[in-house]
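Q: The chain contents come next:
4 protein chains.
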Amino acid sequence: MSGNTFGVAFRVTTWGESHGRAVGCVVDSPPAGLELKEKDIQKELDRRKPGGRLSTKRRESDAVEILSGVFEGFTTGTPVSMLIWNKDARPEAYEPIKDLLRPGHADYTYLAKFGFRDWRGGGRSSARETVARVAAGAIAKKLLSLFGVEIVGFTREIAGVKCSIDVRELELSEVYKLAESNAVRCPDAEVAKVMEEKIVEAMGAGDSVGGVVEVIVRNAPAGIGEPVFDKLDARLAYAVMGVPAVKGVEIGSGFSAARKRGSENNDPIVLKDGKIGFEKNDAGGILGGISNGDDIVVRACVKPTPSVSIPQKTVNVREMRETEIVVKGRHDPCIVPRAVPVIEAMVALTVVDFMVLQGLIPRSLLQKRF
Amino acid sequence: MSGNTFGVAFRVTTWGESHGRAVGCVVDSPPAGLELKEKDIQKELDRRKPGGRLSTKRRESDAVEILSGVFEGFTTGTPVSMLIWNKDARPEAYEPIKDLLRPGHADYTYLAKFGFRDWRGGGRSSARETVARVAAGAIAKKLLSLFGVEIVGFTREIAGVKCSIDVRELELSEVYKLAESNAVRCPDAEVAKVMEEKIVEAMGAGDSVGGVVEVIVRNAPAGIGEPVFDKLDARLAYAVMGVPAVKGVEIGSGFSAARKRGSENNDPIVLKDGKIGFEKNDAGGILGGISNGDDIVVRACVKPTPSVSIPQKTVNVREMRETEIVVKGRHDPCIVPRAVPVIEAMVALTVVDFMVLQGLIPRSLLQKRF
Amino acid sequence: MSGNTFGVAFRVTTWGESHGRAVGCVVDSPPAGLELKEKDIQKELDRRKPGGRLSTKRRESDAVEILSGVFEGFTTGTPVSMLIWNKDARPEAYEPIKDLLRPGHADYTYLAKFGFRDWRGGGRSSARETVARVAAGAIAKKLLSLFGVEIVGFTREIAGVKCSIDVRELELSEVYKLAESNAVRCPDAEVAKVMEEKIVEAMGAGDSVGGVVEVIVRNAPAGIGEPVFDKLDARLAYAVMGVPAVKGVEIGSGFSAARKRGSENNDPIVLKDGKIGFEKNDAGGILGGISNGDDIVVRACVKPTPSVSIPQKTVNVREMRETEIVVKGRHDPCIVPRAVPVIEAMVALTVVDFMVLQGLIPRSLLQKRF
Amino acid sequence: MSGNTFGVAFRVTTWGESHGRAVGCVVDSPPAGLELKEKDIQKELDRRKPGGRLSTKRRESDAVEILSGVFEGFTTGTPVSMLIWNKDARPEAYEPIKDLLRPGHADYTYLAKFGFRDWRGGGRSSARETVARVAAGAIAKKLLSLFGVEIVGFTREIAGVKCSIDVRELELSEVYKLAESNAVRCPDAEVAKVMEEKIVEAMGAGDSVGGVVEVIVRNAPAGIGEPVFDKLDARLAYAVMGVPAVKGVEIGSGFSAARKRGSENNDPIVLKDGKIGFEKNDAGGILGGISNGDDIVVRACVKPTPSVSIPQKTVNVREMRETEIVVKGRHDPCIVPRAVPVIEAMVALTVVDFMVLQGLIPRSLLQKRF
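Protein chains in written order, with the numbering used here: chain A, 10 to 379; chain B, 10 to 379; chain C, 10 to 379; chain D, 10 to 379.
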């Protein structure tokens, strides 16, 4: 009865429904002395916000309000509560289909679990709840940046069109700039165009497409992760698989490792400037569930948006009879680009949690005044 | 400092090292009144046990002892402690390489985390710790079977050789029988032979191969899973990614969903005998992080065993100089078949935990006597 | 870094500071189908609200807003977020003493922990945060009442004046009515008058007094509590000792048991209407950490309010020199009566959590509609 | 279904029954590099072991075996599993009363919870399970001692006879020596004699007596504790109230604070050697749930042993009829002295957990070797 809290030592609890009054979260708690303003959060929320021709027509300013835990511009070490009012909720749009189960959505499963369902745009099961994750993740990212840890995500694939960029050779700030410069968040501008075309094509057919998001964590210290169950990769898989529409997660060479030999998949260990390093990074920065200091590489498969206007078979649960459904209204024909900041946020929350557990983030970022 | 406990309401804590005195676990706690004998556990341990020409030469009887929580043949509702003595530990075999970091292993990361390392076969990072997971999973499976829930795993792929069997059309008992009838645990006997050849070929080259394990959960009730973070798929990903050598996890159509359209990936909803059902199962039994009553389908990529006798670059950490390593000794050239019962166990522990949280498993399986 | 969540299966996370924008909580989550209105919450908040001549002059309407988790008047099974705006915050009142450590308060310890301190009325350490506890507790109490469980608290002692009422002989509704009918929440009207006099007397001297609160849980089922660590009494002690100003907790005969013999302290076991019962209740309804079906009896010692206008020795932390402090302003000369609903709330949250863990509260209170 | 784990960042999970094969625990996990031998544990177990004329006649060597987590004499940072075989179990002694509920014991409540009961000496509800707590606490104490933190407990009161020693004026090593020098663990030898007489007198009458244990933590750093729920005092209350037979817990001035005025109960704040200090310690070392650097003072009321040979009313649950019971056999007429090391252990486990959470104990006590 309590699956809405993420993290062990750095925790976020989220709340809110798609067409309720607001969504929000409580972050318990950033260390004291972190400079934090609403614009630090807003910056990330704006990346997730709908907009542009490839996105839902729902218009949300997604303006965040910090309600607690910050005093004189700094965190106090107590819970940071954040709230985002829902401004453009239109529950009435869902009334005509409130008894129909939308295929690929959680309508049936929420009903099976609770015997009662907020049918307004999926209620809690809507990806709108990810606003709160991004808000919490913004704090995690800001905190990590103080320790030199960078986290950048981008679109690796959409509708079968792949981007083959080798991130290991680039500055992450460059990858970020490239990815943020187009509507699909693909760092290869040429590939991005083809992806956009694929999305437009699917939209025209009343259909949707999926893809793959990749997130890189650079400069995470070696040694984070808590085997045997709370391994870094295990918790990343948990964090990312819990993002709406994600159906698969892989680390480093991932599923391709199934087709490699050991001698090929192992990363040779070498000295770099007198420190342990790796010639390549098939491990994706994690060995035995603990970071090895190299880039942490996480990829997630995002399924095509289940809301499509092509008629689909379904059941009317009030009358318990088979029927058809056409899901109109406001939704993204491809959720992949907007999933990027969400998955980044979940990765950031995971990494910061383990850094706290490893004792690498102090309870106060300030010098004590006595 | 405490990543060795799995589960929320049905918990297992494991302990033990590869070449220490013993490995074991505490299961806190099965409901009272479950009939439980050591042979119920032994049966599953025997499936994981090494043996045969494709496996490590370490010989362990893996005989389990139940030390608590069972009285007059029934669980009492208190913790069940289980212990398996290590009988064939040979720590001395690792002495010559104790200062060398084995590529693909956790040698470096444990050192980075703890500054100190049990070099005897990887210590805690060895897959030997999975004995304890299988022991705990055996209780979970027995308990689930009382509620009609079946869990069966098998090898879907090894060294690029795939088994294309459609499990949805078969009894799981049949899948089990087929899979257990060969050394690679592949339910297609013809394909199994080719897989075996691939393994033998890699062995001959002093190398190793990887593959994909699939686990099916049948008859799990609709409604289990705890969004938004403790979704069923998120926790399954966590459970399975934490198994040694796993580098990727997917649910249902998984990564292939990235290349599908929404109209194609959605499962049409229909009535079957008056109940909600699905025409196909690309969702892998989970929608919005909650089970939908269909087969839960989990696949995991298992990397090739990192221990290979082909020389590899590495570093001697005592002298901090680059060198080469040849990992001899007792290890599996392909870990996939032995990973099957381990992943089954983790899936079972996940499912039973959520069934308890959903209120579907009572605290006592007995009628009260007063 | 995360001590602001209470509960295992029925969880509340609170946030907010005394003179910040608001206080609030997230309850994760009541079962689906609980009828819930803001007035259900408001009723309890009003009991905790300041007012009357014996209380702080701070004026807060403490109007609660439910922001999520309720749809069409019923809980949906998802998190209930509640918010109470701070209306009468006057942080400027604390500016003159912001560098002085108030004796008996948490000023020094927050500084020692975080190196930084919200000096506005104690910030997070203020008893104002208990508003959120009472809001969450109101849901717990409403839910428990559906299962017949009643929870009533009252003042057992103030400034050495004791109320000797034997609650076991009374209806709890009667105890409630008696206690709520006077300013000190003592069910004995005569004793209440003396208590009031003692408070007025201390006020006149610029001083404060303490006392003892007692909370009774009636009709809790036998069998709740999770030994060996999460015993019912252990978790009650945790819940209640965490309330501001509480310095001691006891169950049943409590500290007086230290002076009894076993034959005297044991409760004789008898049959009542064919069921197991007890002739008396020195156990306070708990044996071996599990409820026995009798009244659960919890008492808490509440220390005298540390804010007194009598000059006290302290230290100016900016200048690190000894000085004196006079704490003026708005505070209660005796916190005991207002602690009653807070302690009730904590007891209710504890009991409901254990009832969920015992499988006694279903995930949905509704009949499924399919 | 999982109340057998204590702690957040430094966790212990215990298992075992009074007359089962063994009792034990898993500590997850001490930091790497702690020198640890079985004799470090044994020393504490020997303090808890029965013996002498005032104690049960059960004879247990309570020899501990460390099964994991220690390599070459140092902890590795992985779980430490410890086991103590039950040598002198005599379950047959309980057979004649297996259908009778022992007053003051958990017989009825376990039956109510689980519908099934290990009647052999109370099974899991027996104080025998505290062996495992003491074993885990021994590690906590050894670890704390490296950071200068001392923990000493003693008997403050038995059968109404009080020891009025002022511990604040003494070295804790002196208190320890005095307390350990007599059978009742009272640091005042004269008072100890009277206590012993009271116990012998009760024994003679087939009865039992209770008392009060006090535990002091000295040199704990200011700043530990996690408000608002996981306050240091709240978690201490939880830890200690969960010890068998404890019915009340208080901190510092405790229940006597109810009768004091604020000006009297507040501890004046002063400078001592340029640091913040307190003129007295009514707070018991804790303000706002966070340590203030002064002695942490915890007192627990221990009820008289419920096993008495005086006939008591009870019920035969098989026949559901009222009857009488005489509890013979091996038990302590006063559990107070043997509760001392158990309560110390629980306090130590609590303090070490908070020190880890506060970032004061590193993951490795060794210098990294690379």
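What the hints contain is simulated information worked out from the structure, not anything from laboratory work.
Hints should not be assumed to be uniformly reliable.
It does not matter which identical chain is meant; a pair holds if it fits inside one copy or across any two.
With a straight-line Cα cutoff of 25 Å, these simulated DSS-like cross-link-like pairs (lysine-lysine) come out [stated by the list, open to error]: (1) Lys322 - Lys269; (2) Lys337 - Lys269; (3) Lys281 - Lys322; (4) Lys269 - Lys202; (5) Lys337 - Lys52; (6) Lys281 - Lys207.
Model, not experiment: these values are computed from the prediction.
Q: Take the hints in turn and mark each one as holding or not.
A: Results for each hint:
1. Lys322 - Lys269: between (41 Å within a copy, 18 Å between copies)
2. Lys337 - Lys269: between (45 Å within a copy, 20 Å between copies)
3. Lys281 - Lys322: Intra 59 Å, inter 13 Å, cutoff 25 Å: inter-copy only.
4. Lys269 - Lys202: between (32 Å within a copy, 19 Å between copies)
5. Lys337 - Lys52: neither (30 Å within a copy, 43 Å between copies)
6. Lys281 - Lys207: neither (43 Å within a copy, 36 Å between copies)
Of the numbered hints stated above, those contradicted by the structure are hints 5 and 6, listed in ascending order.
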